[in-house]
Amino acid sequence: MNNLSDTNIFDFSKITGPIHDFLMGFLPSWATVTVECLLIGVGLLLAYALLALFYIYFERKVCAAFQCRLGPNRVGPWGLLQSFADMFKILIKELISLNHTDKFLFALAPYLVIIASMLCFAVLPWGYGLQIINFNIGIFFLVACSSIGVLGILLAGWSSNNKYTLIGALRSGAQMVSYELSIGLCVVTMVCLAGSMNITDIVMAQENTWFILKGHVAAWIAFIIYLIAGTAETNRGPFDLPEAESELTAGYHTEYSGIHFGFFYLAEYLNLFIVAGVATLLFFGGWMPFHITGWDGFNTVMNYIPTPIWFIGKAIALSFVIIWFKWTFPRLRIDQLLTLEWKYLLPINLFNLALMVCIITFGWHF
Amino acid sequence: MANIQEKIAFLFPQAAFTVDGNDILQVSVDEKDWHALAESLKNDADLAMDYLVTIAGMDWVDALGCVYYFMSTRHNTMCSVRVQAADRDNPYIHSVADLWRVAELYEREVYDFFGIVFIDNPDMRRLFLSIDWKGFPLRKDYDDSPAINPPSTDNERQTDYTNVYHLEDGKVVKTEREIFHKDDFVINIGPQHPATHGVLRFRTAVDGETIKKIDVYMGYIHRGVEKLCESLQYQQTLHFMDRLDYFSGQIYHHGLCLVYEKAAGIEVSRRAQVIRVMMDELSRIASHCLFIGTYCMDLGATTMLFYTLRVREQILDIFEKTCGARMTFNYACIGGVMQDLAPDFAQDVKALLEVLPANIKEYNKIFTGNVIAKGRMEGVGKLSREDAISYAITGPSGRASDWACDMRKLRPYSIYSELDFEEVTRTEGDSMARFKVRMDEMVQSAKILAQLVDNIPDGEYLVKVPKVLKLPKGQWFQLVEGCRGAFGVYLESDGTTKPYRLKIAPPCLPLAGVVDHITQGSKIADLITIGGSLDYIVPDMDR
Numbered sequence: 003m004n005n006l007s008d009t010n011i012f013d014f015s016k017i018t019g020p021i022h023d024f025l026m027g028f029l030p031s032w033a034t035v036t037v038e039c040l041l042i043g044v045g046l047l048l049a050y051a052l053l054a055l056f057y058i059y060f061e062r063k064v065c066a067a068f069q070c071r072l073g074p075n076r077v078g079p080w081g082l083l084q085s086f087a088d089m090f091k092i093l094i095k096e097l098i099s100l101n102h103t104d105k106f107l108f109a110l111a112p113y114l115v116i117i118a119s120m121l122c123f124a125v126l127p128w129g130y131g132l133q134i135i136n137f138n139i140g141i142f143f144l145v146a147c148s149s150i151g152v153l154g155i156l157l158a159g160w161s162s163n164n165k166y167t168l169i170g171a172l173r174s175g176a177q178m179v180s181y182e183l184s185i186g187l188c189v190v191t192m193v194c195l196a197g198s199m200n201i202t203d204i205v206m207a208q209e210n211t212w213f214i215l216k217g218h219v220a221a222w223i224a225f226i227i228y229l230i231a232g233t234a235e236t237n238r239g240p241f242d243l244p245e246a247e248s249e250l251t252a253g254y255h256t257e258y259s260g261i262h263f264g265f266f267y268l269a270e271y272l273n274l275f276i277v278a279g280v281a282t283l284l285f286f287g288g289w290m291p292f293h294i295t296g297w298d299g300f301n302t303v304m305n306y307i308p309t310p311i312w313f314i315g316k317a318i319a320l321s322f323v324i325i326w327f328k329w330t331f332p333r334l335r336i337d338q339l340l341t342l343e344w345k346y347l348l349p350i351n352l353f354n355l356a357l358m359v360c361i362i363t364f365g366w367h368f
Numbered sequence: 039m040a041n042i043q044e045k046i047a048f049l050f051p052q053a054a055f056t057v058d059g060n061d062i063l064q065v066s067v068d069e070k071d072w073h074a075l076a077e078s079l080k081n082d083a084d085l086a087m088d089y090l091v092t093i094a095g096m097d098w099v100d101a102l103g104c105v106y107y108f109m110s111t112r113h114n115t116m117c118s119v120r121v122q123a124a125d126r127d128n129p130y131i132h133s134v135a136d137l138w139r140v141a142e143l144y145e146r147e148v149y150d151f152f153g154i155v156f157i158d159n160p161d162m163r164r165l166f167l168s169i170d171w172k173g174f175p176l177r178k179d180y181d182d183s184p185a186i187n188p189p190s191t192d193n194e195r196q197t198d199y200t201n202v203y204h205l206e207d208g209k210v211v212k213t214e215r216e217i218f219h220k221d222d223f224v225i226n227i228g229p230q231h232p233a234t235h236g237v238l239r240f241r242t243a244v245d246g247e248t249i250k251k252i253d254v255y256m257g258y259i260h261r262g263v264e265k266l267c268e269s270l271q272y273q274q275t276l277h278f279m280d281r282l283d284y285f286s287g288q289i290y291h292h293g294l295c296l297v298y299e300k301a302a303g304i305e306v307s308r309r310a311q312v313i314r315v316m317m318d319e320l321s322r323i324a325s326h327c328l329f330i331g332t333y334c335m336d337l338g339a340t341t342m343l344f345y346t347l348r349v350r351e352q353i354l355d356i357f358e359k360t361c362g363a364r365m366t367f368n369y370a371c372i373g374g375v376m377q378d379l380a381p382d383f384a385q386d387v388k389a390l391l392e393v394l395p396a397n398i399k400e401y402n403k404i405f406t407g408n409v410i411a412k413g414r415m416e417g418v419g420k421l422s423r424e425d426a427i428s429y430a431i432t433g434p435s436g437r438a439s440d441w442a443c444d445m446r447k448l449r450p451y452s453i454y455s456e457l458d459f460e461e462v463t464r465t466e467g468d469s470m471a472r473f474k475v476r477m478d479e480m481v482q483s484a485k486i487l488a489q490l491v492d493n494i495p496d497g498e499y500l501v502k503v504p505k506v507l508k509l510p511k512g513q514w515f516q517l518v519e520g521c522r523g524a525f526g527v528y529l530e531s532d533g534t535t536k537p538y539r540l541k542i543a544p545p546c547l548p549l550a551g552v553v554d555h556i557t558q559g560s561k562i563a564d565l566i567t568i569g570g571s572l573d574y575i576v577p578d579m580d581r
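Each protein sequence line maps, in turn, to chains A and B.
Everything in the first sequence is counted per the working numbering, starting at 3 for the first residue and increasing by one.
Everything in the second sequence is counted per the working numbering, starting at 39 for the first residue and increasing by one.
To be clear, the hints were calculated from the coordinates, so they are not data collected in a lab.
Fair warning: this is a prediction, and the values are worked out from it, not measured in the lab.
Think of the CB as a built atom: it goes at the ideal place given N, C-alpha and C, for glycine as much as any other residue.
Some hints could be false.
[Claimed, not checked] Which stretches of chain B does chain A cover? Using the computed rule of at least three CB atoms under 8 Å from a CB of chain A, they are:
| hint | region |
| --- | --- |
| 1 | 332-340 |
| 2 | 344-354 |
| 3 | 523-531 |
| 4 | 555-568 |
Could you put together the complete structure from these sequences and hints?
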């Protein structure tokens with residue numbers, strides 16, 4: 003499978019492999035796995051936090067640019083430390099406990115949300131040889147994990163014992179269940195093209211051409227639907243009904259404070275990254291550098307750029323588009339939201355799946 | 039006017055006729071004839087007084103009563119009716135809420151301030167004051183001692199019931215009526231809520247996301263402006279006008295000045311008139327800009343706010359140069375305006391007129407044509423022309439329902455009759471129409487400004503007026519076109535230096551009153567769309 007070994011793409015297993023061998027040298031294998039899990043866990047958490055901070059800064063700057071403002075510019079050079087300051091503020095804030103709430107579920111909800119997003123985060127294709135768990139249903143696992151998030155939101159809305167949060171949660175439930183379908187079908191469409199649910203295999207299948215080019219019409223349709231459904235899945239504008247500020251104040255997390263609120267906030271930004279990351283994986287080759295068949299010199303130059311940079315760069319570029327949506331469009335109404343999904347996106351998606359199957363069967367793709 | 043008098047005299051020979059200071063016919067009738075007269079006023083084809091402008095509660099010391107002002111949208115005529123309640127200790131007047139829907143709200147206000155009970159009004163609660171308030175503050179014998187109404191530290195008191203009063207054998211009988219059913223899922227939207235644009239509260243009964251009923255609570259920023267005015271000299275009452283609809287401050291000032299100047303017989307110089315009109319139109323553009331921005335923000339398009347604020351800032355800068363303030367200008371005053379124009383006023387206005395068309399084009403490009411915006415606004419909150427008149431929805435919201443209710447055209451004041459501008463009306467009556475009317479009105483206001491900016495005559499900006507103004511006995515009523523609709527001032531003077539009664543008829547009170555009517559069956563999100571498109575300002579309705 004590993005036909006990239008003769009190219010100059012840096013294989014990160016050259017770093018991780020020796021560490022593994024080193025640990026195996028003096029530890030039993032169960033201990034090795036434990037130590038590695040710890041290391042990876044710490045690394046992921048760090049990456050998670052840093053990315054979230056970056057995203058908060060990024061969104062604020064982008065939004066400011068759209069609105070003819072400067073954005074954060076006081077804390078640190080170009081306001082770079084603003085999100086750090088925000089994070090520390092939220093960490094030291096009091097967790098306000100409310101009467102008449104279901105205390106256990108109320109406290110559990112933010113953890114469910116953040117765990118769901120962390121699990122998804124773990125299976126993203128970070129780079130060549132940087133796949134954390136490489137198993138045969140990777141993308142399926144990702145879709146499954148992302149669905150846990152809605153549970154947390156529903157719990158948050160229900161356990162707060164507040165009418166606003168309840169409506170927010172119900173909206174969110176309806177929205178997520180609906181748009182999960184679209185996301186699932188888009189994923190299925192692209193999995194058909196890849197021929198595998200293994201994340202590494204999906205990336206490898208795009209070595210020569212990214213799926214967005216290879217699958218042409220069907221892939222474009224799937225991409226557009228994915229982008230719409232992904233935006234809805236992350237509860238971002240124009241689909242931010244669950245937390246529609248002007249209607250429900252803050253929707254399902256109205257009653258949360260301190261770090262519990264911070265978890266929702268972080269998860270929302272990281273979900274943005276995850277949605278963009280999955281789009282990158284399915285349509286833009288994951289960490290795969292941009293290759294043009296036959297242009298060997300060009301391909302070699304592209305290969306010199308480390309694969310994590312490719313992945314994160316693509317994901318950020320796609321999240322920019324999603325941020326762009328938010329700061330341009332007004333919000334949909336709940337019935338319009340559901341109409342869009344069930345009457346338009348879903349039928350188109352089913353048709354598109356059939357189209358993709360035809361394309362693959364008759365070999366119409368590039 | 040003569041026709042109206044003949045007609046009413048024919049139908050009600052016992053009615054007495056006078057004329058107020060603005061040449062509006064005043065009819066005085068007994069309470070027992072009042073409802074019959076009201077029916078004739080509304081339904082008679084020659085009278086057709088279908089627009090109830092305001093109800094001013096009155097305390098004439100020997101009796102309590104009301105002054106009603108009507109306008110006919112068919113004949114463009116006005117008349118007023120004065121009705122006295124027979125018994126001061128137990129005052130009642132028949133309600134006209136069955137004829138004019140807006141009366142329901144107006145009568146609640148009168149009840150709140152004067153304690154006059156309106157027979158058969160379906161909702162006879164207090165409107166602004168809390169339900170356990172003691173006394174009726176606008177009565178002349180009201181005791182305002184804090185011992186009687188101490189500042190409350192308890193939670194707000196509320197009830198799910200309202201009172202209805204009937205007349206049985208000459209006796210007033212009180213019955214209770216339920217507002218919300220026990221099983222209703224009632225959400226509280228407001229008083230602190232981003233979409234109510236101020237401290238307004240909607241108790242909303244919903245079925246899932248669908249609205250069943252809305253009960254509006256007002257009075258959170260009721261400051262008793264009308265009561266305060268009664269103890270202040272005429273000049274001192276002016277500055278309150280900036281604090282009602284704070285975007286129409288210039289226009290409201292203008293309106294009140296017109297009343298006082300008419301009453302005192304003061305002629306204002308041409309220069310001051312032109313300045314006033316220019317300020318009015320500038321604030322209209324600024325107000326509509328803010329409307330567009332905040333409305334888009336209500337719908338989730340935050341970025342638009344910043345685009346519209348750019349133009350608004352430019353106008354506020356112009357104001358600041360001349361008036362020294364950006365919000366509470368206190369500019370127009372009796373006899374003219376406070377200060378002369380800043381030297382580069384004309385130049386600044388021209389610069390504004392230059393950038394405005396491009397900006398309006400940009401707003402349309404970003405928002406008006408957007409498919410989501412269309413989906414959210416078109417067909418949402420439809421208000422028919424009849425309902426708009428019956429609920430007294432004036433201003434851009436009324437014009438969106440095809441009711442040509444621009445007071446600058448109907449009852450031209452100042453120099454508006456000489457100016458060339460069009461009254462923008464639309465026929466759809468939905469939220470989109472209300473949005474577009476405001477967009478088009480900015481163009482018309484710019485047109486007025488363009489006509490005036492090069493023609494500001496020389497002369498004095500303020501004529502000499504006595505330091506302490508004393509107005510003769512009489513009544514005056516003036517309507518001007520505020521940014522949100524017809525702003526009326528009713529003045530009753532007893533010949534002293536202070537107003538005996540100054541009734542402010544704001545456009546926003548009816549706007550809040552119609553919310554329940556046009557949101558029924560819509561979604562919660564539509565409440566935001568509709569509320570935003572009506573563009574009410576809470577201090578204006580609360581006063």
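Each hint, compared with the structure:
| no. | hint | verdict |
| --- | --- | --- |
| 1 | 332-340 | holds (count 7) |
| 2 | 344-354 | holds (count 3) |
| 3 | 523-531 | violated (count 0) |
| 4 | 555-568 | holds (count 6) |
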